[in-house]
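Novice: Sequence:
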Amino acid sequence: MGYVLILLLAALGVFLMSSVRVVRQGYVYTIERFGRFTKSADPGLHIITPFIDRVGHKINMMEQVLDIPGQEIITKDNAMVGVDAVVFFQVLEAGKAAYEVSGLHPAIMALTTTNLRTVMGSMDLDETLSKRDEINARLLSVVDHATSPWGVKITRVEIKDIRPPMDISEAMARQMKAERLKRAEILEAEGDRASRILRAEGEKQSAILSAEGKREAAFRDAEARERAAEAEARATQMVSDAIAQSGNAAINYFIAQEYTKAVGKFATSPNAKTILFPVEATQLIGSLGGIGELVREAVKPGDVTTPVPSATASAPVSRTRAQSTVPHTGRSS
33 MGYVLILLLA ALGVFLMSSV RVVRQGYVYT IERFGRFTKS ADPGLHIITP FIDRVGHKIN
93 MMEQVLDIPG QEIITKDNAM VGVDAVVFFQ VLEAGKAAYE VSGLHPAIMA LTTTNLRTVM
153 GSMDLDETLS KRDEINARLL SVVDHATSPW GVKITRVEIK DIRPPMDISE AMARQMKAER
213 LKRAEILEAE GDRASRILRA EGEKQSAILS AEGKREAAFR DAEARERAAE AEARATQMVS
273 DAIAQSGNAA INYFIAQEYT KAVGKFATSP NAKTILFPVE ATQLIGSLGG IGELVREAVK
333 PGDVTTPVPS ATASAPVSRT RAQSTVPHTG RSS
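Counting from 1, position 107 in the sequence shown corresponds to residue 139 in our numbering; the numbering is continuous, with no gaps.
Please keep in mind that the hints were generated in silico from the structure rather than gathered at the bench. Beta carbons are placed, not taken as given, at the ideal position from N, Cα and C, and that holds for glycine. It is possible that part of the hints are untrue.
Each computed DSBU-like pair below joins lysine-lysine, with the alpha-carbon atoms no more than 35 Å apart [what the hints assert, rightly or not]:
(1) Lys185 <-> Lys71
(2) Lys192 <-> Lys90
(3) Lys90 <-> Lys185
(4) Lys214 <-> Lys163
(5) Lys163 <-> Lys185
(6) Lys90 <-> Lys71
Ranges between beta-carbon positions, derived for each pair [unchecked claim]:
(7) Lys209 <-> Ala239: 37 to 47 Å
(8) Leu213 <-> Gln237: 32 to 42 Å
(9) Arg206 <-> Thr146: 26 to 36 Å
(10) Asp224 <-> Lys163: 35 to 45 Å
(11) Gly67 <-> Leu37: 32 to 42 Å
(12) Arg53 <-> Glu166: 42 to 52 Å
(13) Leu213 <-> Glu132: 56 to 66 Å
Take these sequences, add in the hints, and give me the full structure.
Specialist: Rendered as structure tokens:
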């Protein structure tokens, strides 16, 4: 009797344990009754009928990453390239993902691979290398549309790597080098052109300013010569008037004045120790006498002026100085 009770309790425990199911977060379980899908069990505690209901599939509802292995693809211009891709997807309906397709991951991989060949096969090599965003967008649209009946949402399709052949890679490297050298030469030529233009502009401005300066200097010089000529003309006119009024006395006066200035320059020379007059000293004395006579003639009678010494009065002094200054040359005065 006791053994039977123990067996009944054990059977009851097994029955209760088989009727309780706990679904983890991020998963959804499909419940089958006699092999037919009846409902989806969300995360949490669920009670099912033992021996009648059972868990069919455990579907991962989190976003998943599917790595597409490398593929050898022939482009539109017959270039063989290796391509690696990756697909991000998420199951939205557990029942469709479990029963609408057999093997969800292999199906998505095969679908992505075939469409990758189709999309990249319709492009040239340069387009495949430069238009990755366009390839990703086209693949996403095609694969997402194809997997929507499976209750799957394709969130992203990314091309990880595109590997062109070695010879094409070398040709592309040479092309890139030539293009960069071309750009460098163009930039250098443009810089030299700009430098020459700026230098020419500077020389032009310098020539203009120099010409303007020369023109201004010539104008100033001509104006100065004109002023000097006017002054010389006035002086000449005054001298002519003086000569016309006084006759030879005025001429003697100007000659004696210039002669005296010349003798004074000889006397102030730092290197002259002995002065040799080129003419007789009496000629200078006679000129000085003529100056005195000119002054006396210019003075009116009745004017109170300082008496001017006559030539005869100053002659002995001047002769004495001349004799003391002029060295003996063997000629008698």
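Novice: Compare the structure with the hints numbered earlier in the document and write down the numbers of the violated ones, lowest to highest.
Specialist: No hint contradicted; all consistent.
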